[in-house]
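Residues in the sequence shown are numbered from 10 upward in steps of one, following the working numbering.
Calculated directly from the structure, the hints in this document are not laboratory data.
No false leads were mixed into what you were given.
Simulated pairs of lysine-lysine, DSS-like, Cα-Cα distance not exceeding 27 angstroms:
| # | residue 1 | residue 2 |
| --- | --- | --- |
| 1 | 100 | 210 |
| 2 | 210 | 175 |
| 3 | 98 | 84 |
| 4 | 84 | 100 |
| 5 | 214 | 108 |
| 6 | 111 | 214 |
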Amino acid sequence: MAIEWTDERIAALDTAQLKNLRENATRREVTALVELCTTELAKRNADKPRRIGQPRSEAKQFEHDMSAELATVGKAMAEKYDLSEATAKAKSEGVKGFKAHKLLGSDGHAKLGGMQRDGSVAVDRYISYRRGTDIASLSVFLLKDQPIETHEFQVIAPLTMLDGGKPVAEIRPTATAAQKQSADGGLSFKDLDSAAAAFDKVLAKITA
Numbered sequence: 010m011a012i013e014w015t016d017e018r019i020a021a022l023d024t025a026q027l028k029n030l031r032e033n034a035t036r037r038e039v040t041a042l043v044e045l046c047t048t049e050l051a052k053r054n055a056d057k058p059r060r061i062g063q064p065r066s067e068a069k070q071f072e073h074d075m076s077a078e079l080a081t082v083g084k085a086m087a088e089k090y091d092l093s094e095a096t097a098k099a100k101s102e103g104v105k106g107f108k109a110h111k112l113l114g115s116d117g118h119a120k121l122g123g124m125q126r127d128g129s130v131a132v133d134r135y136i137s138y139r140r141g142t143d144i145a146s147l148s149v150f151l152l153k154d155q156p157i158e159t160h161e162f163q164v165i166a167p168l169t170m171l172d173g174g175k176p177v178a179e180i181r182p183t184a185t186a187a188q189k190q191s192a193d194g195g196l197s198f199k200d201l202d203s204a205a206a207a208f209d210k211v212l213a214k215i216t217a
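I would like the entire structure built from these sequences, with the hints used as guidance.
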């Protein structure tokens, strides 16, 4: 006995079943059923070709990978020191306008820095901690239109807390006055391990 395909029966099918039914109806030249299936698929926007995501560019893939690696460093530091927002607030009582820093971004990776946000550099991803008036950050930094291999890892922190630190203007010479930096000192490195070790030393001082 042939099934009577009503609108209700058609609507009860999942999309894969519906497409399969239309294919069979097309093969058997059952035009009315093909039209019923097509109408229902149109309601579901199921006939639109699925968008295939564009592969990440080399720079975007680098940014993604480095953001994850910085987050790994951040999580290790959070296990070593108390970097909670609650403790930061408690230890910063009396500091006007104090706002605790989230160590990582909401996605669990490194945060998006202001210089990348305004488009002045290709990559500015960072993790940071604030206690009182002191802010320390560890970032990956790549200038615009530069090869990926020219990237740097930077530790930005109060100059008094850095061993061999330089004025932040020397570390980020392209930064404008409007792109206010979080501290007055910095160190730059070509490898993450060295930068992480320097960041570790600063955190030890801030949290002491």
